[in-house]
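Residue numbers (full-length UniProt numbering): 1 to 756.
These are calculated hints, taken from the structure and not from any lab test.
No residue lacks a Cβ here, since even glycine has one placed at the ideal position from N, Cα and C.
Check before you lean on any hint, since a few could be wrong.
Using 20 Å as the maximum straight-line C-alpha spacing, the simulated SDA-like pairs for lysine to any residue come out as follows [as the list claims (entries may be wrong)]: (1) K201 x Q146; (2) K201 x D140; (3) K214 x A368; (4) K97 x R283; (5) K565 x F548; (6) K482 x K174; (7) K174 x A160; (8) K482 x K432; (9) K214 x Y435; (10) K395 x G425; (11) K396 x D140; (12) K395 x R370; (13) K232 x A520; (14) K482 x K565; (15) K174 x S164; (16) K419 x R468; (17) K232 x F548; (18) K565 x S555; (19) K218 x K432; (20) K395 x A298; (21) K482 x I235; (22) K218 x V481; (23) K482 x E594; (24) K218 x K97; (25) K672 x F548; (26) K452 x N422; (27) K478 x L220; (28) K218 x K232; (29) K188 x N149; (30) K478 x R595; (31) K452 x T434; (32) K432 x A453; (33) K232 x D476.
Per label pair, the in silico range of CB-to-CB distance [to be verified]: (34) H166 x D677: 41 to 51 Å; (35) G416 x S168: 22 to 32 Å; (36) A139 x D271: 45 to 55 Å; (37) T434 x H166: 21 to 31 Å; (38) A367 x T282: 20 to 30 Å; (39) L554 x V650: 20 to 30 Å; (40) L244 x L279: 15 to 25 Å.
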Amino acid sequence: MGSPPIPDRGVAPRGRSPASASRIPGRSPPRPHPGIRPAVAPSTVPFSPPKRRTGGSLKGKDRAWGPPDHSTDDDDDDADDDKAPARVDSDFPPQVKPTYRHVLGTGNGGAANPLRVIAHIDIDAAYAAMEMARLSIPADAPMAVQQWNGLIAVNYPARAYGISRHESPAEALKKCPHLRLVHCQTYKNGETEPGYWDDPKPETHKISLDMYRKESRKILAVFSEFCPVVEKASIDESFLDLTLPVRALLLERYPALSSPPPGSPTLTLDDPLPAPAALGITRDSIPWAELCNLVPFAGQKQDKIRRLDAAGAPVPSSSSSSSSPVKPARPLSGDVDDGTDADDDPPPSWSDVALSLGATLVRDVRAAVRARLGYTCSAGIATNKMLAKLTSAWKKPNAQTVLRHGAVPAFLRPMGFQKIRNLGGKLGNAVKETYEAETVGDLLRFSLPELKAKLGDASGTWLWEIVRGLDYTEVDTKTQVKSMISSKNFRPSIGTYGEVMHWLNILATELHLRLLDARAESPGLWPKTITFTHRSPSFVIRSHQAPFPFTSSLSISYILRAADKLLRAALAPLRDDSPVGPYSNMMLSFSGLERLEEGQRGIEGFFAAQQARANAAAATARGAGASAPRRTKRPRAPTYTCPRCARVLVAPDAVVARGEDEAVREALEREKAEHADWHVARDLAETERKENGWSLGGSTKPSPATGAGAKAKTGTSSSSSMSKKKETKGASVPSKRGKKEKKEEGTLNGFFRRAS
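Can you build the whole structure from these sequences, using the hints too?
In structure tokens:
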């Protein structure tokens, strides 16, 4: 969606009011929401939402935010102020009145629905909580999860001693001698599943998060019982779009909203809803204190951080604040007690009512997770994903907080803007250096054209919106896994084939377990591609990938064979002591995971059935041959026809003669693997030929290329023959092949010659 032209601020356009012409330079004027074009408001900043990748439509935005009343009648304004005294901040968009369409229309009303309710739920100290539940550790016992020589999760009782993540276990034990340390699961070579091994080391083991992933799936299942739209943001975080469940509760509690009133002049869904006060809803009607913490309109009370010394005694606040690694909450617009602001709040809006109903649902969700799984959660409830995520961290642990529309300015202004999602990386650093800004309030001083001028249209527009609390991204119910990755860093680097295969086996073990778990939840799920990636100590990264054929008997060895083929395709013949690499990182991954159709899965079954019939025929032949072995023909062995070259592969005669079906199948699999390797080598040779203008030989007609190939076309037969020998010598053709294989190789030479 493109942006309309930005008006020139140097010369007042026609129709600009004197008030708008005298605004402070560099300050963005108040703007209507997109889609609203007042008759006399050409100086308002145009708006273009960023392109969203989550699907859906933003067309509902025009209905949700407008059209507001643009009347300039002073008497009307005074009357409105008397009815609902509200704090007005010109840097933030005004609250828009919802219409009957937002409670009676189809769908959820779009991402800009003024009655939208989004919750962000975060499991408190997730990894630590999951280990505490597994080991039945008391809730008040200090505990931390260890990964090698660092801490990756610290529960709240341990944080009271000043322990934080990424500390070493030795440092943490100095602060709290009775701290319980639990090392997370690891994989080790030769084991099919991760475990809690004694004294795991990074030189021999690989970290596993499988237990946490399984618990995360259980938590998501609970969320889905209460809310139809759930997005998994990480192992311990999820977004819930509660708009539709809240709408149902709204209509149930306030039946008057089921249709426009009979006295309405238009009787359409676009009529605004009556004020909540008209239905008897007042400040006291919503039990905020029972439901949640409430971000106040005027400011935030600064929490007192409670700290304990190694003996468990409270640390004085003066020393606590200076030595604590956890910074206290920063006040917003002054230290305000939680209750002092209540009497000054404007009357509740329909958005506030919707958020309160959302808080009721989230309270039930958190209670269910606690009762069934034993985990406590912290939640934020707001009108979009960005605000909900920031709000969930406002009060922790085991709490939920609501951010109303009117409290957004006081909540965002003093906040460090790099706390906002997607502003903590390169873009955030660029913004900080470019605009010398630290907080959201610092960025509010810059107009949309100023942001676009240095950040570009897309990033500038997105930043202008996000610091004003505008986020139009949908809650995306992407539950199916698209890729799986198993990775391992090496310090020091590894450099032999034996070491590489040791770690490939561990990586294959992890992928095997994860794919089995995914297929248990989504039968038919299968990856299209397997990729082997390695990184050198100088950060040169190379990847090799190949299709991953379906098999009904998935095993670690099946994945390992595929990985080994990728490794051998890129390297010379290997032994255990062959030099490889060196590698500072190895990664094995699946990509393109999709549910296979029954017909696709049946292909493998077809070959299996064909092989079974062949084995049965062979067994019958062996039985008949017991009485007359000299007269019986050799039993028909199972075969395989290569789909690329139509070559028929059979097991060696010596293996078939033994009559052992399992040995025959294994021998045929080896033949298939060797033949597949041959195709890989031919493909590499073909790639090299195309890059260098070579020919694979076997023809007196060279490829139409420049240089020697072009000269050979007009030269004598002897020169053509010499050129052919030289080119054949330069091509990479696998050696040590039998007569039968060489015959097939000649056929393939003809194929490559025709293709060129």
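Results for each hint:
1. This hinted pair checks out: K201 and Q146 have alpha carbons roughly 12 Å apart, not beyond 20 Å.
2. The suggested pairing of K201 with D140 is violated, with an alpha-carbon distance near 30 Å, which exceeds 20 Å.
3. About 18 Å separates the Cα atoms of K214 and A368, which keeps this hinted pair within 20 Å; it holds.
4. Between K97 and R283, the direct Cα distance comes to roughly 18 Å. Compliance with the 20 Å bound is thereby established for this hinted pair.
5. A hinted pair counts as satisfied when its Cα atoms are at most 20 Å apart, and K565 with F548 qualifies at roughly 11 Å.
6. Distance restraint check for K482 and K174: the Cα-Cα separation of roughly 44 Å exceeds the 20 Å cut-off, and the hinted pair is therefore not satisfied.
7. Our distance criterion of 20 Å between C-alpha atoms is met by K174 and A160, whose separation comes to about 14 Å.
8. Distance restraint check for K482 and K432: the Cα-Cα separation of roughly 35 Å exceeds the 20 Å cut-off, and the hinted pair is therefore not satisfied.
9. Distance restraint check for K214 and Y435: the Cα-Cα separation of roughly 44 Å exceeds the 20 Å cut-off, and the hinted pair is therefore not satisfied.
10. With a C-alpha separation of about 25 Å, the suggested pair K395 and G425 falls outside the 20 Å cut-off, and the hint is violated.
11. Of the pairs offered as hints, the one joining K396 and D140 holds, with about 15 Å between alpha carbons and a cut-off of 20 Å not exceeded.
12. About 18 Å separates the Cα atoms of K395 and R370, which keeps this hinted pair within 20 Å; it holds.
13. Taken as a hint, the K232 and A520 pair is honoured in the structure, with Cα atoms around 19 Å apart against an allowance of 20 Å.
14. Using a Cα cut-off of 20 Å, the hinted pair K482 and K565 is violated, with the two alpha carbons roughly 23 Å apart.
15. Restraint check for K174 and S164: satisfied, since their Cα atoms lie roughly 13 Å apart, inside the 20 Å limit.
16. Proximity of K419 to R468 is assessed by CA-CA distance (about 14 Å); at most 20 Å being required, the pair is judged to hold.
17. In summary, the hint linking K232 to F548 is not supported, as the alpha carbons are separated by about 27 Å, beyond the 20 Å threshold.
18. The suggested pairing of K565 with S555 holds, with an alpha-carbon distance near 16 Å, which does not exceed 20 Å.
19. At most 20 Å may separate the alpha-carbon atoms for a hinted pair to count; K218 and K432 exceed this at roughly 40 Å.
20. A threshold of 20 Å between alpha carbons decides the hint, and for K395 with A298 the separation of about 17 Å falls inside it, so the pair holds.
21. With a CA separation close to 16 Å, the supplied pair K482 and I235 stays within the 20 Å bound.
22. Between K218 and V481 the alpha-carbon distance is near 16 Å, which keeps this suggested pair within the 20 Å criterion.
23. The straight-line distance between the Cα atoms of K482 and E594 is roughly 7 Å, inside the 20 Å bound, and the hint therefore holds.
24. For the proposed pair K218 and K97, the alpha carbon gap of about 39 Å is over 20 Å, so the pair is violated.
25. Between K672 and F548, the direct Cα distance comes to roughly 14 Å. Compliance with the 20 Å bound is thereby established for this hinted pair.
26. Of the supplied pair hints, the one linking K452 and N422 holds, its CA atoms being roughly 17 Å apart against a limit of 20 Å.
27. For the suggested pair K478 and L220, the alpha carbons sit about 12 Å apart, so the restraint of at most 20 Å is met.
28. For a cut-off of 20 Å, the pair hint linking K218 to K232 stands: about 12 Å separates their Cα positions.
29. For a cut-off of 20 Å, the pair hint linking K188 to N149 stands: about 18 Å separates their Cα positions.
30. With a CA separation close to 14 Å, the supplied pair K478 and R595 stays within the 20 Å bound.
31. At roughly 12 Å between alpha-carbon atoms, K452 and T434 fall within 20 Å of each other, so this suggested pair holds.
32. A hinted pair counts as satisfied when its Cα atoms are at most 20 Å apart, and K432 with A453 qualifies at roughly 15 Å.
33. Taking the CA atoms of K232 and D476, the gap is about 8 Å. The hint holds against a cut of 20 Å.
34. Look at H166 against D677: about 45 Å separates their beta carbons, and that is inside 41 to 51 Å.
35. G416 and S168 have their C-beta atoms about 28 Å apart, which keeps the hinted 22 to 32 Å range intact.
36. Distance hint check for A139 and D271: the Cβ-Cβ separation is about 52 Å, which falls inside the suggested range of 45 to 55 Å.
37. Between T434 and H166 the C-beta distance comes to about 30 Å, which sits within the given range of 21 to 31 Å.
38. At roughly 28 Å, the beta-carbon separation of A367 and T282 lies within the given 20 to 30 Å, and the hint holds.
39. Hint check: L554 to V650, Cβ distance near 26 Å, so the stated range 20 to 30 Å holds.
40. Taken as a hint, the range 15 to 25 Å holds for the pair L244 and L279, whose Cβ atoms sit roughly 21 Å apart.
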